[in-house]
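Protein chains: 2
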Amino acid sequence: MNAPLKTIEGSAKLAATMHLLGREARAASRVLALAPTAQKNRALAAMAKAIRDTRAAILAANAQDVAEAASAGATAAFLDRLALNAERIEAMAASLTLIRKLKNPVGTVMASWRRPNGMRIERVRVPLGVVGVIYESRPNVTADGGALCLKAGNAVILRGGSESFRSAGAIHAALVEGLVAAGLPAAAITLVPTRDRAAVGMMLAGLHGAIDVIVPRGGKNLVARVQTEARVPVFAHLEGVCHVYVDGKAKLGMAKAIVLNAKMRRTGVCGAAETLLVDRAGAARLLKPLVVMLLDADCEIRGDAAVQAVDRRVKPVSETDWSMEYLDAIITAGVVEGVEAAIAHIERYGSHHTDAIVTDDKAAAEKFLREVDSAIVLHNASTQFADGGEFGFGAEIGIATGKLHARGPVGVEQLTSFKYRIRGNGQTRP
Amino acid sequence: MNAPLKTIEGSAKLAATMHLLGREARAASRVLALAPTAQKNRALAAMAKAIRDTRAAILAANAQDVAEAASAGATAAFLDRLALNAERIEAMAASLTLIRKLKNPVGTVMASWRRPNGMRIERVRVPLGVVGVIYESRPNVTADGGALCLKAGNAVILRGGSESFRSAGAIHAALVEGLVAAGLPAAAITLVPTRDRAAVGMMLAGLHGAIDVIVPRGGKNLVARVQTEARVPVFAHLEGVCHVYVDGKAKLGMAKAIVLNAKMRRTGVCGAAETLLVDRAGAARLLKPLVVMLLDADCEIRGDAAVQAVDRRVKPVSETDWSMEYLDAIITAGVVEGVEAAIAHIERYGSHHTDAIVTDDKAAAEKFLREVDSAIVLHNASTQFADGGEFGFGAEIGIATGKLHARGPVGVEQLTSFKYRIRGNGQTRP
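For the protein sequence lines, the chains are P and A, in the order given. With this note's numbering applied, the first sequence corresponds to residues 4 to 433, in that order. With this note's numbering applied, the second sequence corresponds to residues 4 to 433, in that order.
Be aware that one or more of the hints could be misleading.
[Claimed, not checked] A few chain A residues that don't get close to chain P, going by computed Cβ distances all over 12 Å:
hint, residue
1, Ser14
2, Arg55
3, Arg117
4, Ala189
5, Asp331
6, Ala332
7, Pro412
8, Ser420
[As the list claims (entries may be wrong)] To be clear about the criterion: a stretch of chain A counts as covered by chain P if any three or more of its residues have a C-beta under 8 Å from a C-beta of chain P, and this derived list gives those stretches:
hint, segment
9, 38–52
10, 369–380
11, 425–433
[Claimed, not checked] Just the calculated beta-carbon pair ranges, DEER-fashion:
hint, chain 1, residue 1, chain 2, residue 2, range
12, P, Glu350, A, Ala114, 44 to 50 Å
13, P, Val112, A, Ala287, 34 to 40 Å
14, P, Ala227, A, Gly76, 42 to 48 Å
Hints are computed from structural coordinates only; laboratory data are not their basis. All values reported here derive from a predicted model rather than from experimental measurement. All C-beta atoms in this analysis are idealised placements derived from N, C-alpha and C, irrespective of residue type, glycine included.
Start from the sequences, fold in the hints, and give me the full structure.
This is the structure we're talking about:
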């Protein structure tokens, strides 16, 4: 009889904790929204210092997390993502410095015009309010997510993977030290103080109106859960089924460089190419060198009949392969009838993330850039440029594939909203 | 045994109809997204002509709707919103002409920069895709909503109130005539072809990914249902609990003009003031004239003790009154301790819609404009300017009170998204 009772008590207590934490984050967001640039930057500098100063404590907490995960049977890849060392902690501190140097977007006048009745209307950037970040066991997201939201004037509620609970706590302590040193409220960066997964559901329900937007950072399953359950807006970070279309008018050398980079530079990033499409008009000249290059680079190719015909190492492609996000040294490859067919293929199988055309034909390039409905479309450049840093945004919290509010890299500017400020001298509406 | 079977069959049939209609709208949105300005404008001109040409048919359909609603006991106000006449039909056609004259937002380069590696990045406006508009029995929304989405390059699925089913159908027929005359797909503006309320639930579920965003247009209950049930993003049009704060340094004449206009010009619009706050520092000079003016204009006042003290016609205010959207000749009124307290009151009871300060004190005005967290904040101007037309947007589909994507008046520009277009000459990522 005790167990269910305790569960009910436990979940009532958790709900109360989360409700309070939401209210405090909301109150902190009012302070953050009005904080001057210099004060936010002081906090970011103090955070970087505190991360460095408490390195030993962070490493000790992380060692416990890693030991526990290892004994629970976590994979080597998982443990590698979870583990910190002196270098990774330094990278975290350096990232805080980078974010400190970004332009403060809050208060920027985005547009300004005068009405015939003499009123001046301005559209001004303001923070979003409270951002909920739900992520997996990558400790650095605690620092990056907290700092990016702070720079944009938002309070943030962070909920990391339960395997990184101690690491996140130690990093969070350093962030709070920085906030307090700058005279900002500690609740501006809140870490959910429990591993209880029910807390995630409460965040997805919005904590009684305390959360304005949820940013999921992690794999497909996490993002899918967030998108299905969230009662508040979500910056959708769906998978990147990215294409490189090599047009008949492409130079072979450029096509080889771009395809190899797009697929193989790093296979685990969302901007990595997952499908190669080659124009039939150029296939005789282009297909074999591209296929051999990839195979020789130890990339598995799943190809259609035309691709299979050029090298016996090519495996046959299945219908589901065309929409796979491998995040591995595997690529789907096929021959299409020109740019029109490439665009249709991408519309059918793609994920509206990032797609590239390689060609010297300006008309084909413009058609591709115009008609492919993806967050990022490129001509003669690698899909691996799908990254806030490469855009010049300085830092990003992810790549959004939705079409509302944020699309593409989500940097500080995408973490803001706006309002209209109107100055009159007694105008009334006729 | 037959009844439930029939229901299941009926709802399976409806689901199939809605699924198909969503797929067709999605396909039409691909055509619309690439349609040149001239073609969209030809459609809008042909629609206006068709509305005028089929006036008799629209009026006949509307007369049937009105007769049915009247015999079902609809209120006079409801019937007035539902009823069309020659003048209202002409206004609908004129609105289509206004929308035709708006600038086409699609393709506009919003920002452009070059990266150190030579790549040029452009941020370009693109349509959202498919917009679902769910509205009440106001026939003109069929025309306005359809035309605004078309101008922004979106396909639209319209679902009006069931009492206006025939009117909406007749107006929709004219819109389709215009689309077809311009060579655009009829599915670009789809009207849900049934009164079955289950269709609304299917739209809120997104029609299998066919709907990108839902725009509810109507009263509190409709918007609340949409926000609770929607599985796709919603442009939240919450109630307008709008405030006028009359500061101690306000001129009496200006304060009277603005308060009277903000409350009484039209009481049923979302930008109508619902609360008057007067600074205690100016109350002796300002409060009585403002109170008497409103009472003499037949506006009921629910006031705190200070307000009740100046005129015995003032009724006592209750705690819930402070957050009421009356949409009627009623106002809540109270005395506050300066701009700081006014801002705190608005944060507590307001709806983040539209709020105004009247003052000659520049510092108080700037503080109010900066700190009040509403879509629209005004200094020395009436809250009734909360309207896309008054902003110069030409037409609007509503006022958004959410902070994501659209905030304030939702015009053609707010009905678009953007993408990044990158031009390189062989760049790969190091």
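The hints, checked one at a time:
no.	hint	verdict
1	Ser14	holds, 22 Å
2	Arg55	holds, 27 Å
3	Arg117	violated, 10 Å
4	Ala189	holds, 21 Å
5	Asp331	holds, 18 Å
6	Ala332	holds, 17 Å
7	Pro412	violated, 8 Å
8	Ser420	violated, 4 Å
9	38–52	violated (count 0)
10	369–380	holds (count 8)
11	425–433	holds (count 8)
12	P:Glu350 x A:Ala114: 44 to 50 Å	violated, 26 Å
13	P:Val112 x A:Ala287: 34 to 40 Å	holds, 38 Å
14	P:Ala227 x A:Gly76: 42 to 48 Å	holds, 47 Å
Violated hints, in rising order: 3, 7, 8, 9, 12; the structure is consistent with all others.
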